[in-house]
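Colleague: Spelled out from the first residue to the last, the chains are:
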Amino acid sequence: MSTPEDINVRQKPAVAATGGGTETILATKQLTKKFGGLTATDSVDFSVERGELRCLIGPNGAGKSTLLELITGQLSPTEGDIYFDGHDLTDMEPHERMDAGISVKFQSPHIYESLSVAQNLRVPLERTDRDIEEVLEKTLDRISLSEKADEPASDLSHGEKQRLEIGMAITLDPTFMLLDEPVAGMSVDETADIAELIRSLHDDGMTFLVVEHDMEFVRKISEQVTVLNQGSILRQGPIEEIESDEEVRRIYLGENA
Amino acid sequence: MMDVSLPPRLGGIADKLNGPNTLGNSPAFWAAFAVGMALMVAYPLVQGSYAAGQTSLFLVYGLLALSLSLIWGYTGILSFGQVAFFGIAGYTYAIVSLNLGGVFGQTVALPIAVAVATLSAFVLGYFMFYGGVRDVYVAILTLVVTLVLETFMAQTAGSEWSVGSVQLGGFNGIPGIRNFALGVEGASISLSGSGFYWFVLGLLLLTYFGARVLVNGKYGYALVAIREDEERTAMLGYNVKKVKLAVFTLSGALAGLSGVLYATWGNYMDPSVFTITFATIPIVWVTLGGRESLLGAIVGTIIIERLRLWFSVNASEFAIVFVGVILMISVLVLPRGILPGIRDVYVFFDKHGVREGIDRGRETVQTRVRTLLGSAGVDVSETDTPTGSEEVVE
Chain A
9 MSTPEDINVR QKPAVAATGG GTETILATKQ LTKKFGGLTA TDSVDFSVER
59 GELRCLIGPN GAGKSTLLEL ITGQLSPTEG DIYFDGHDLT DMEPHERMDA
109 GISVKFQSPH IYESLSVAQN LRVPLERTDR DIEEVLEKTL DRISLSEKAD
159 EPASDLSHGE KQRLEIGMAI TLDPTFMLLD EPVAGMSVDE TADIAELIRS
209 LHDDGMTFLV VEHDMEFVRK ISEQVTVLNQ GSILRQGPIE EIESDEEVRR
259 IYLGENA
Chain B
7 MMDVSLPPRL GGIADKLNGP NTLGNSPAFW AAFAVGMALM VAYPLVQGSY
57 AAGQTSLFLV YGLLALSLSL IWGYTGILSF GQVAFFGIAG YTYAIVSLNL
107 GGVFGQTVAL PIAVAVATLS AFVLGYFMFY GGVRDVYVAI LTLVVTLVLE
157 TFMAQTAGSE WSVGSVQLGG FNGIPGIRNF ALGVEGASIS LSGSGFYWFV
207 LGLLLLTYFG ARVLVNGKYG YALVAIREDE ERTAMLGYNV KKVKLAVFTL
257 SGALAGLSGV LYATWGNYMD PSVFTITFAT IPIVWVTLGG RESLLGAIVG
307 TIIIERLRLW FSVNASEFAI VFVGVILMIS VLVLPRGILP GIRDVYVFFD
357 KHGVREGIDR GRETVQTRVR TLLGSAGVDV SETDTPTGSE EVVE
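Which chain is which? The protein sequence lines are A and B, in order.
FYI, in my numbering the residues of the first sequence are 9 to 265.
FYI, in my numbering the residues of the second sequence are 7 to 400.
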């Protein structure tokens with residue numbers, strides 16, 4: 009593993025993600041998104057502390073993806089505001105939000121299939137004045153794709169594509185990383201690789217918000233969990249509390265367990 | 007397949023010409039390019055000034071094709087509007103140069119016409135890209151704008167439709183545009199025949215090199231990234247709308263330059279440049295030559311226009327039908343276009359060697375032909391082909 013300090017110098021890891029004394033990095037205020045008559049998120053007040061690794065769970069149609077897309081700027085809210093690290097994101101374009109320190113990994117791998125692995129990582133870097141070769145080498149090492157740097161991205165396995173996309177997202181040194189079901193469709197080994205990658209990035213101080221269905225994976229990476237249901241926050245708290253909560257079990261886990 | 011090897015940064019303009027986003031970067035490519043250029047330069051000396059003058063139209067069109075290659079081939083935005091900017095620039099040049107008169111008038115008209123085309127592209131692009139128009143709707147909208155221009159210009163026959171002393175002339179258009187000239191009275195150059203040919207060839211070469219530098223530089227990554235996955239690119243911090251607007255405007259400017267040269271080449275300007283036939287032809291050039299290849303766009307243009315000229319002399323009614331047939335065959339046989347196809351063949355033989363390459367190539371062709379005939383309902387028995395291999399070799 010390369011020296012992570014060079015990639016992430018902005019924050020020290022929060023000692024206790026659950027404890028007090030931390031600082032809110034992301035907050036939504038009365039965030040509402042309506043699609044015609046359907047209310048996807050209903051006056052959601054949601055916040056994430058700096059250095060936290062938060063998982064967002066909930067049944068299909070709970071509003072998880074909508075909330076994510078409101079944060080990235082792919083959707084604009086019907087009502088309400090989003091604040092991030094001192095910025096009011098509400099009227100910012102997606103690329104401006106990325107400049108503010110947010111990065112996202114989509115659910116299905118969004119990579120540039122016709123480019124090589126290294127060129128994929130170059131795309132975000134070409135825009136910046138960072139030392140491209142240095143960041144490239146470190147990122148390739150971090151996502152364990154150094155040997156495949158010059159191979160076309162279309163030849164990668166599903167798990168490798170997912171890692172590559174996470175690699176693309178971290179080249180810009182984000183403070184806040186959004187992951188939409190990062191282990192969907194992955195083998196056990198591939199899932200373990202991703203879990204380790206996420207944990208190591210989190211140890212370096214990166215804040216995470218992970219939308220996930222796989223409760224085993226959630227248990228592996230996260231301490232704090234938010235449960236969304238029908239566009240509202242149902243419960244929020246440590247994973248053990250959530251898993252033993254009667255209502256959560258009935259609405260969500262009951263289906264999976 | 008893109009060239010995945012990244013050239014060492016040696017510095018210098020020559021090095022900037024090569025890169026991951028152009029297909030030909032090898033010494034072999036540049037040697038072939040130099041031979042081709044030498045033949046192009048020598049063409050007027052062999053064929054004479056008149057033939058050179060006729061052929062220079064293909065080079066003028068080459069600029070138009072380059073503009074489409076940039077916006078469609080590299081950025082993934084299919085535009086039928088390149089001929090609109092081409093025509094707007096041509097008309098503007100006619101109006102300004104004939105109003106001002108003299109060589110100086112012509113000299114001034116050139117930048118004005120290109121500027122008007124550029125501004126038109128910027129305004130249309132701004133409303134499209136910042137208005138959220140995407141994908142196929144860009145193609146539809148640009149086509150509509152082009153056809154509206156045709157309808158509008160075609161009804162400008164009356165004497166009330168004049169700008170200064172120049173009448174727009176409806177279907178007949180504006181005649182009497184003079185040959186290309188630059189300078190002021192007493193110190194000017196007027197270009198026709200061979201001179202015009204070399205001038206356009208030089209402009210085309212410069213534009214081609216400029217486009218190579220552009221697509222192989224920082225900007226090139228943004229273009230290709232937007233073509234491949236617009237959403238991902240925005241989520242990597244790129245201002246996608248702005249980049250698209252910039253490329254659209256630039257390609258509008260190139261199309262405008264092409265339009266000015268067209269007006270001076272034919273000495274007239276009429277609404278036929280806004281017709282659906284002419285709007286479609288650049289797509290054919292670029293598809294045939296290879297839309298992800300800048301040089302391919304130019305080569306495709308020259309091939310199609312050469313054939314179109316031949317057909318229009320020998321079988322005029324069917325010229326456009328033949329062009330359609332050629333397009334269909336090329337899409338079936340070389341889906342990525344001629345130049346990428348040639349490169350694939352070159353890479354194929356490089357990998358497999360000549361002997362094995364020929365064998366494999368024959369099998370591939372046989373299999374494809376049999377599949378094609380089979381799907382067309384022709385009975386293809388094994389006896390047709392001695393090897394009888396069904397294996398598809400890619």
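I should point out that these hints are in silico values taken from the structure, not numbers from a laboratory.
Treat each hint with caution, since some may be false.
Rough simulated footprint, nothing fancy, chain B against chain A, three-plus residues with beta-carbon under 8 Å [claimed, not checked]:
1. 94 to 103
2. 115 to 126
3. 129 to 135
4. 251 to 257
What you are looking at is a predicted structure, and each value in this text was computed from that prediction instead of being measured.
By construction, the Cβ of each residue, glycine as well, lies at the ideal position given by its N, Cα and C atoms.
Colleague: Taking beta carbons only, do three or more residues of the region 251 to 257 of chain A come closer than 8 Å to chain B?
Modeller: Coverage by chain B is violated for the region 251 to 257 of chain A (0 residues, Cβ < 8 Å).
Colleague: Can you take a look at whether the region 115 to 126 of chain A is actually covered by chain B? Rule is 3+ residues, C-beta closer than 8 Å.
Modeller: holds (count 8)
Colleague: Under 8 Å between beta-carbons, do enough residues of the region 94 to 103 of chain A, three at least, approach chain B for the coverage claim to hold?
Modeller: holds (count 3)
Colleague: How does the region 129 to 135 of chain A fare against chain B when you require at least three residues with a CB closer than 8 Å, holds or violated?
Modeller: holds (count 5)
This entry does not satisfy hint 4, going by the numbered hints stated previously; all others are met.
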